[in-house]
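A.B. asks: Chain by chain, the residues:
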Amino acid sequence: MRKLQLFVFLLLLNVAAMAQTKQVTGTVTDSKTGTPLASVTVRVKGKNVLSVADANGNFTIAMPAGSTTLEFDYIGYAAKEVEVPEGTSTLSVTMDQSANNATPEVVVTALGISKEARKLGYATTTVSGDQMNKARETNVALSLEGQVAGLNVHGTNGGPGGSARILLRGISSLGGGGTPLFVINGVPMDNSQRGSAGEWGGSDNGDGIGNLNPDDIESMTVLKGLSASALYGARAANGVILITTKSGKKGKMTVDYNANYVVDQAINNTDFQYVYGQGTGGTKPATASASLATARFAWGAKMDGSSFTGWNGQAATYSPYKDNIKDFYRLGPSFTNTVSVSGGSESGNYRLSLSNLDNNAIVQNSGLTRRTVDLSIDQKVTSKLDITVSANYIDQQDKNPPQLSDGPGNPNNGLFLAPNIIEKTLAPGYDPTTGHEVVFSDDNYVTNPYFVVNQWINDVDRKRLISSISAKYNFNSWIYLMGRMGYDHQNDRYLGITPTGTDYSYNSAGQSGSINLSNVQTSELNLDAILGITHKLTNDINLDATLGANARRNQSESIGISGGPFVVPYLYTPYNVVSYGRSYGYNKREVHSGFYSLDFTYKNLLTLSTTGRYDAYSTLYYSEIPKSQRNLFTPSVSGSFLFGELLKSSVLNYGKLRASFAQTSGEGSPYQTAVYYNVGNSINGVPTGSFNSTLPNLFLKPFTLSEFEVGAELKFYNSRLGVDVSYFNRKSKNEIMNATISPATGYTGSVIANGSIQNKGFEILLTGVPVRTRNFTWNTSLNITTLKNEVLKTDAADNNLSLGTYRPLNANTAFVVGMAGPQIMAHDYTYDSKGNIVVDGSGLPIQGDLKPFGSVLPTLYGGFKNDFTYKNFDLSILIDYNFGNKILSATKYYALYRGLDKETLVGRDNGIKVDGVYQDGSANTTTVSAEAYYQRLASISKVNVLNGDYIKLRQITLGYTINPKMPVFSGIQVSLVARNLVTLMKHSDNIDPENGFSSLVNYAGIEGTSLPSVRSFGINVNFKFKN
Amino acid sequence: MKKIIINISLFSALLIAGCTKNFDDINTDPTKASASNFDPNLLLPSGELGYLSATTGYSGPILFQSMWVQTFASAIYPGYYSNGDKYVFGGSYLSYQQSTWNNAYNAASYLYEVQNLTKDKPELSNLSGIALIVELLNIEAVTDTYGDCPFSQALQAKAGITAPVYDAQQDVYNSMLSKLDSVISTLDASKATPTNDALPYKGDIAKWKKFGYSLMLRMAMRLTKADAATAKQYAEKAYAGGTFASNDDNAYILYDLSDGFTNSNTNALKTTEDYSEVKWGKALIDYLKSTDDPRLSVIAEVPQTGTTNAANQSLAGNSDPSVQVGMPNGYDQNGGSTDISKEPNYPGVAAADPAISGDKPNVTGKYSRPKTALYLSQNAPAFILTYAQTEFLLAEAAARGWNVGATATQHYANAIAASLQTYSTYNSTGNISASTATAYAASHPLDVSSMEASLKQINTEYWVLESTIFDFSEAWSNWRRSGYPVLTPVNYTGNFSNATIPRRQAYPTGEASTNPANYKAAVSGLSNGDTYTSRVWWDK
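For the protein sequence lines, the chains are S and L, in the order given. Using this note's numbering, you'd call the opening residue of the first sequence number 1 and step up by one each time. Using this note's numbering, you'd call the opening residue of the second sequence number 1 and step up by one each time.
Simulated from the structure, these hints should not be mistaken for lab results. Where is the CB? At the ideal position from N, CA and C, for every residue including glycine. Be careful, since some hints might not be right.
[Said to hold, decoys possible] So, partial list: chain S residues that the calculated Cβ filter (under 8 Å) puts toward chain L: (1) Thr-280; (2) Ala-293; (3) Phe-297; (4) Pro-320; (5) Asn-507; (6) Gln-511; (7) Arg-589; (8) Ala-616; (9) Ser-669; (10) Pro-670; (11) Asn-681; (12) Ser-682; (13) Gly-689.
So that you can see chain L by itself, here it is in the shape it has in the complex (with noise of 0.2 Å):
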């Protein structure tokens, strides 16, 4: 007996403790796909829209870089905005910090896995190239903004590279340029093209290539105050290999707010305090009136009176162009010596509308705020890279004496139309006329009585079209790069930036503890170390 018992209670203790052949199937997430399964194209969207989390709203670019050249202004202190218009640190500033670097390399982690699940597909060339592409345009708006940082060995954690080092910038913007260079040519028309591309382009090849041209541009051009030689050998190439011929070639992304997908700045701006706080700032407004551009009634509008009327983001403003008013920055409504009342060109208050019982005057009231009915749907499009920006810089390569095609006189002047016929890309309120645009550029043609009178013209132009195309990343980059237009910096109490506008962002706060050894390395070649004054290796 007891020997029976003995031996039914090891058998069923081995038959439990051995029975393990189900296990693989059980630790196997029923609800994903596998590597075997998985369609990698489905990768690409989700990087192209992670490039516009990276640029777009809260990420930091509306928060700081938008205010810092100027193009918004805010006189709220304290609030989330002092961080852009003040220099001084408000709301969340750490994660607004770190969104950038965040986004963006979570975005070209998906592109850097596309490669590597079509590495021994050859059928599959053409995603590969594209997501290198679109990778490298990521990887762009992280140096960009936070100067060296980890390239050559990032995005390799399945590799077994959890603390990459940082490379210096000169580095990857060379080693971005070679890549790219080489990727561009091995798109193929005649292979398979991306199935889910966010892009108007649809995976069509030939407008891919133009993209990546277009983008070796951009790139080429950042490099002139750091590195002429390799800025002119990549811009020439560029154009050789052919950059946007028109604004249908201009790469963007619709936003589809039925499927959860919205425009970052338009949510921004919807915020009920935005919608009431954040202004054109004065130099965006001041140049747009000194040129008489037709742009300004479109993109501008001053609200309804009252503080009730200027919160109904259904009642439409004022876009006369001779009541805009830019808002300076750096002011407040604390009753003190940098109160918005105070500043020079005060237009004064927005008086109460006696018909709303109860309303209030509205103190910044008369300043232009951008117009409703062209930026805020949550469905607009956000930009990436357009042709009016390729022309401009193709006329600064031009008056630079380099070798792209025409003059400069010629680019700059298909800029200027092409910026104009822009925003008919967000609905018809921002449509103008190819006739007035092409007359107005003929109208105002480049300066060309020296190179410096051309290269401000050209350069403040960009800053107008990435400003009110909400590119601000671009538009402070460009700035940082040339120098244009000439901006004069704010200085309140408790800034971060000595009263300078900042040159960089500070990395994430997150690198000191997750990569402590190669951000200290990295912050040791910063002049001011791992502040918002010290400058990126191209804007030296």
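So that you can see chain S by itself, here it is in the shape it has in the complex (with noise of 0.2 Å):
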């Protein structure tokens, strides 16, 4: 209320401040040919005045008292200042068409050196943190989803904390495991995930992306071809995203507090039936224990609100209930405050941040802190020498983070109880007197949802330093040498209690509970030497080079402890326990390596560049492996040509085309070159030992990507209307993966150097500006991405690379020679030679062979974004789309299996007769119960593969600015920010198209027991203070 009160009286000040202006009206034309130029934007110098010509060159504008200047800024025209006269009120202003001395765009490229867009042979796009920090994620990565074409971000539903599945034109490699390298400030940042659920359960807790704050982001550039990460070798084979923290400007010191407060909401997205209740054999359950065993089971009689004993051996009434989700699952709130100082001066700028994050899940008990810390400073030690650093500290602690898809500790339980079945009475989970868990169903490995909150622990907590160092030596103008460090250090802890009373965990002591406390320290140390040249050849031709070397170490390593059960009831600490493990691990890695870049620009119409990288892999060292297939290079080329220039069109003011051709190598893990053998516990005093499960490899060698990638960038009327196109054919040869072999072969994976992998398609951006007015402008953009992967190459015979599955084990994921990966394995019915269906004596459908059902990435995908801005407003819409991929649902086994699902309505008063046929060819004469044949269906489970399309309202900001005339501000933005709206279209019962359960590609478009997607609502104000 106090906020609404200020936000007021600031309204107020603002009309009272316009109130002393004076209008000044003029006219602006071309000033070669007379024109009237509509759309040019005229500013009040130093003030967020603004006004935009009409369509005949006229403008007017509220100029306040004290102001004098006006500037006057259109694209393809040189910006101007035209000084206002005392006492004038009218004006008429001339701009030069100078596309070739206009200020040109200028984007960050591999290592961190700036380049003009246009001389680009690739496509970049860039985005700015204003679009991230606003309506914000958790994880900043999920705010570029729909936003950059060709890329495809998807999160997990795994909480505040979860990670983010980053694809740059699809899955560029089977083992990269898909995600771009992130650079911030020049320096590669690890982005590893750490933990995420497979079929077995697990939590997701995070990846290195979602460690930073949004508000300390100037802008993410996405580089998307492989020429443009060429110079990152191996690391960006999926791309790259470089990350531009915000620094200081030079001028007086700032000061910037940024407030946003954020509301998740779970969504249900759950159309179960709600017409038979709990129980088998289409009865209501007559005693308790029935009851009990039934919680899951919706195979009961006609709910008809009699009255009977429920699950717990209380009365209960048999009626449905479906505030569930609504019940289980709280209103999530997230406050997020930064205070930002920053300067500058002729000689260096600074800029210090401090920010603070405090989230509630929509899981209680769960939630995320984060503190961040921000630093930058460069400095001009002298004329020549320039010195930077920055740092960013990171404290952040993932409070139980969710069990994920299995049962022990799941919270999310409670989805599949039986349509009678009140969630609120297995609250509070346990018995009040002995602590024990009250076991809710028929399996105690699906812990209750209460005690999971109530009681389970599962904490991590992380706290990293991201820093560089960098000193530039500029000899002269021309020429430049540069030494960087960059260095990136987690500490994680991570604690996980099965805590005390935990069903499954007793043992015949009557003991119960487990610990699991490890700690992991990681860190990747990056050496830089860089020596620029910039030189002109001719009058017309010019040279840009580069010539570095890279050296790269990674270190991990991890101690753990674990025990149970514990000793003294409730006391969680590892000596508390008894019997106990310990673990460790350490992993070291380098690589060595040289490049060049050489750039020839003729008359600013024509650049070539050429890179080339030497890498040496450790992890491609060992012995017995020959010195020839250790180390490799790779070049890249690309090439742009500014044809526009040479048309001179008055309809076509910008046309570039663009082409290049790259390659990058890559390496595998360390130690997969050679056996190892573990020494592990003793029993009875014999000590025992094992060998890794998954096979090494001594045949490996650095493995390949080649991409080639033609566009073109055309801008017509003004750049109202602006296409850029872009096709690219990736293709990868010789990867390095894991494969799952039959453990009959003595080992569950091998390490394969086989694979090859095609991703090609079209990248298209359609930009436009259909209405520009003087208080009035619509922007808006539409970029499309279609991707067509195959798979060449998988192992040595072309077997199926297996991947991941779901916990109903009956379909998987698989690459697979010759189509899309990852490919869905089902299991089809068993057909006759005349296509019948075959059922079993009891009139069953037969489980038939597992066949490829489609991949689980889209063909096509993109955004559609609007913003429109009027006077001070702004309001930016953006929907995304997502269409070609399919979705291996856990939710639709267990609602078919379970009774859930409003399919399971046919047939449940007089059974179902298959229309099929028995083996010996006979036509079937068996009714079966609802209850066994869609149990049986379920196993077939082609039918738990859905369609993943959809289209959905991705976001909506509405904004407000207010130019006070006031002390203390100088700047106020008030925001108003959603999430996850509305789903638009999609075609997939009871989930979320985008539920997972991990965000590693191998789990892709796997779904199951997890969190239900979340919607949100929040406000975001900015405040610049005066000085």
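With the hints as a guide, bring the two chains together.
C.D. replies: Structural data, given as structure tokens:
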């Protein structure tokens, strides 16, 4: 309420300020042709007061008292400042067409080197921090969803600390995991996924990019093509996203305060049947034990409101209850406060920001707190030596990221309760006197959700420092030498407690629970030396050359202790256990590389670039591996042609063609080249041993990725309409990856080096400014990506490579040669030669062969964004879409198996006679119960493969900018934000098509028993302080 | 100046890129041993323990086979015991289905690796030989459970075979028997013995020889239905070689909770639901009652009244033989026609204990459960092969007229006496004195009125022994081979075996995707496809 008052007050002030102005009107024309220029932006210098010229070049602007200068800005023309003399209220302004001399758009490219956008021979897209920090996601990467052509981003349903799956132009490599390399201020940062759920459960403990505070991000630039990222070598295989953090600007010290408040709300995607209640065999449970055993089975009688003994032995009513999701999941507010101080002078600049995020997840007792400090200093030590230091310290505590997918410790088990059960009756989940978990179903490995939220502990704490220091020495105006050190260090602590009272953990002595405590230190060190030369070879030809070397070292060490059950109940320390275990892990790798890049520019029309990189990977070294296959040189070449400059067309004001070819190489993981043996615990004094169940490979060599890309960028009608199209074709070869192999081979996995995959497609970005008037502007952009993926080779024998599966275990995803990956492999019916469904003697269909049923990755996706500004208001609406992918749904399986799916209403009363034949070919005559039929149907897993298409209203922000004439503030901006508002189209029953428990590519498109997806609403307020 | 800078840069670039001398070291895992410094002895106990992972606990045997052979029963539906009790899928059945395969091959891989690592070390020939014997034990577990399986090409991923062919079970058995035959003869007490043996043999070569021949006997007798000639040949060879001579030769592993090794059968049965739900089967208790077997009061107890007492694992039940009641399979507590209260011999509800406030009547509280004091220690032994077993097998061989020394009657008497004395390995609760045992054996001699009568008695007693030492896989396999005891299958709605007792487990689902061609070829040879009703070769 107080905030509202302040808001109104400031509004009034603003209106009052408006009164003390003078109206200035005028016309803007082209200096040569005299043509009026429409849509020129007119701005009062130093103020945020602006206006736009109309179709006849006429403008009106209110100049605040004391202001004397107007700025005119128009694409394709040189910016102009005009003094407005005292007493003058009409102006005639001319502007010079100056496409060549206008300040060129600059993008940060590989290694942090800025280049003119128009000279690039490859596609890039930059997203400014503003687009990510208002309607924010806890993981900033999720804000890129739908914003960039070619980029496909999905989170997990694993809570606020969850990770993001970011695929650039699809999965470019089989084993790469997909995620692009994130480079922050020129230094690669670790984006490893720590902990994720599989078919046997687990929690999503987040990734590296999710640690960053959106307020500190100036921009993110997506380098899409391989040639764009070739200088990063191996790790750029999946593309590169460059993050530039905010830095100080020349001028007075400014203080900025940003407050963001967002509330998450669970979305109920289910549409279950509420006709039949719990039970089996069509009957309402008659006893307490039957009621308990059937708490998750809706094969009972028609719910008639009668009373019966419920699952807990208490009297209950046999009638539907639909509010379990609403009851169980709370509203989850997040509050972020960021203060920053920045400033600068001729000799340098600085920025320091402090931020605090307090998040509460929709699951009780779960949430995230994150404190960050970001410092950047850029100092000219002498006229030739420039030193920059940046440091980003993160202290993040992820409290109880929930267990997903499987039953134990998973708070989301309430989803599959029979439709008459009120989930609240499961609370508090334990017996108040004994502390023993109250088991609510037939399976005590499916933990009582209230017991989970009240008792289970899963804490993930991280302290991280991402730092870099660089020194750049400019020998003269055209040659410099730069040295840079980047260091990214993470200290993670995990504490998992299966609490006292957990039913399945009891031993015969009545002891229960277990503890798992571990500490992981991970670091990455990068040392770079770069020599840069800019030289005019002739009057028309310019050369930019870079020569450099990089040494990278990654290291990680983990120490863990575990034990159980607890001797003294509720005392959760590693000392207080009956038996304990320990774990230790260590790995280290180094890469030494040398690289160059040469850019030749002819008359600003043609640019030809070539890069090369030579890599030596420690992971490919082992005494038995031939020296010749350990190291590799990979080149790239790209060119751009600004043909628009030659056309001088009045319609086409910018035209560029670009083409590139690039190759990069990649490596495997450490220690994949030799067999190692472990010593295990002793049994009765006899030590045991084992070896890794993944077979190593002595024939590893660097794998390669090659990409060919062509594109065109066209701007029409003074850039009111723009088209940017790319075609890319990327292929990998000799990929190193883990394949699942039959345990009969002696191993369950093997490192193979034969993989090959191809991705080709188009990226199209259409931009337009349909309306641009004095007070109102409408910007629109549509991005479209089409993708055709094909697995060309898997292992030597082209066997299917199994990836992930879901808890029902009757289907999985796999790389299948000749098909798009990852394919869902599911069981079909068994058919006879005539195509009839074959049933067994009981009249139930028989599970047939495992067949491919489509890829889990989309073939068409993108976003449609519309930005409107009206006076001081701005409105932004983002819609994104995704087509062509399939989902393997455990929810569907359970909904069928447990009788929750609406589909299971058919045949309840009279049973089902399958239209099929017996194994001997005669027609089926047996009628089976709906229960038996749908439980069998669920095992014919193709029925659990759903269509993943969707269109979503992803984000709306509505902002208002106040320019108060008052002390303290120099600007205030208020935005109302909303994310994931409405699903406009989907075809997947009972789930959000984006649902998933893991962001790993192996588990892409597999869902089940995770958090509901959330819709969020909030407000962002930004204050700029005067000084 | 320009040249100098370029030279410096080039030099530094080459230095960084070129300095890879220590890369071999960096890429060597410092936390682990390599083939050159690893002691292959360490893998033997892992292979031994692995066999028990494949044949005990939730790895399938207790949830599937223990109830298929009606050792146990559970009147709950739905639930994970419905796989066993009612042949209706429940719980994570696909994971139970694949556990034996995965665990046994994993164990076999350790043992195969022992043989690889000792190839050039003739001084370790005993270790290598014993490793092969235990490997064959594991392969037997696989083939008995699933049928045709990789063997000749199995375990050789390191040699590049990642999609091994499935060998016909007949070939697997012939190969296992001949390998056993040749390897046992290489065992040499004068050479180094294995230093890490988790069995009570502690590497004793004489005992391992006996184990080898005892295993040969068991494998041979598995073939009586399918290939009696081979069965006879190897049963006689095994006897001549020397099988177990007393319970002191029994092969088992004693678990060690303090080091994190626990008995998986115990772990399953002590789980709250299992503890109140898993009962001795009617067929077993009825049989023990009919023979006045002294084991009845050793292995069974009826819990104290009410549900609270029955769930209390420190409260002993009533072991009086006269009150013991076995539970029939195929019932539930859902109020319908298959409600346990409707079974013909339902003993009634165990009333709530009035001394405990809020206690509830226990619907299944009058049925016998495995005696807690005997079985439910996490340090309990798990049996691999026993003297009583080999004597039963020899009794059958003798009954078939094969040359195995003593008469069927004598071998049978040995077997019965040894059976009764097996339980003392658990703890003193299981003690049955030698005199009681021999007296019982003497008073319950083998029925030699016909070979069929002998086979019935021998194999029924074999089933009693294997059931009550929780070697469910063996009880199930021997039942499939011998047909004894005669069991009545359950017919519960939605069952996966056409209301017959399952005769094999379906292959792990992963095989269809990891080894598709060979998997398909193997399935094409199964009469009913990859189902629980198809039969393995020796069960034709």
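A.B. asks: Do the numbers back the hint for Ala-616 (chain S), that is, is its least Cβ distance to chain L under 8 Å?
C.D. replies: Holds. Min distance 5 Å.
A.B. asks: Using the nearest Cβ pair, does Gly-689 (chain S) come within less than 8 Å of chain L?
C.D. replies: Since chain L brings a Cβ to about 3 Å from Gly-689 (chain S), closer than 8 Å, the hint holds.
A.B. asks: Let me know if the C-beta of Arg-589 (chain S) comes in closer than 8 Å to any C-beta of chain L, holds or violated.
C.D. replies: Holds: closest Cβ of chain L sits about 7 Å from Arg-589 (chain S), inside 8 Å.
A.B. asks: Return the status of the interface hint for Ser-669 (chain S): holds when the least beta-carbon distance to chain L is below 8 Å, violated otherwise.
C.D. replies: 10 Å, violated
A.B. asks: Once the shortest beta carbon distance from Ser-682 (chain S) to chain L is found, is it less than 8 Å?
C.D. replies: For Ser-682 (chain S), the interface hint holds, since the closest Cβ of chain L sits about 6 Å away, which is under 8 Å.
A.B. asks: Does Asn-681 (chain S) meet its interface restraint, that is, does its C-beta lie within less than 8 Å of any C-beta in chain L?
C.D. replies: This interface hint holds because 5 Å falls under the 8 Å limit.
A.B. asks: Go through the hint on Pro-670 (chain S) and say holds or violated, using the shortest Cβ distance to chain L against 8 Å.
C.D. replies: The hint holds - Pro-670 (chain S) has a Cβ within 8 Å of chain L, the shortest such distance being about 6 Å.
A.B. asks: Was the hint right that Asn-507 (chain S) lines chain L, CB cutoff 8 Å?
C.D. replies: This interface hint holds because 6 Å falls under the 8 Å limit.
A.B. asks: Let me know if the C-beta of Gln-511 (chain S) comes in closer than 8 Å to any C-beta of chain L, holds or violated.
C.D. replies: Hint on Gln-511 (chain S): violated, closest Cβ of chain L at ~11 Å, above 8 Å.
A.B. asks: Hint check: is the beta carbon of Thr-280 (chain S) less than 8 Å from a beta carbon of chain L?
C.D. replies: 6 Å, holds
A.B. asks: Taking the closest Cβ pair, is Phe-297 (chain S) under 8 Å from chain L?
C.D. replies: Where the cut-off is 8 Å and the nearest Cβ of chain L is about 6 Å from Phe-297 (chain S), the hint holds.
A.B. asks: Do the numbers back the hint for Ala-293 (chain S), that is, is its least Cβ distance to chain L under 8 Å?
C.D. replies: 6 Å, holds
Of the numbered hints given earlier, the model fails hints 4, 6, 9; all others are met.
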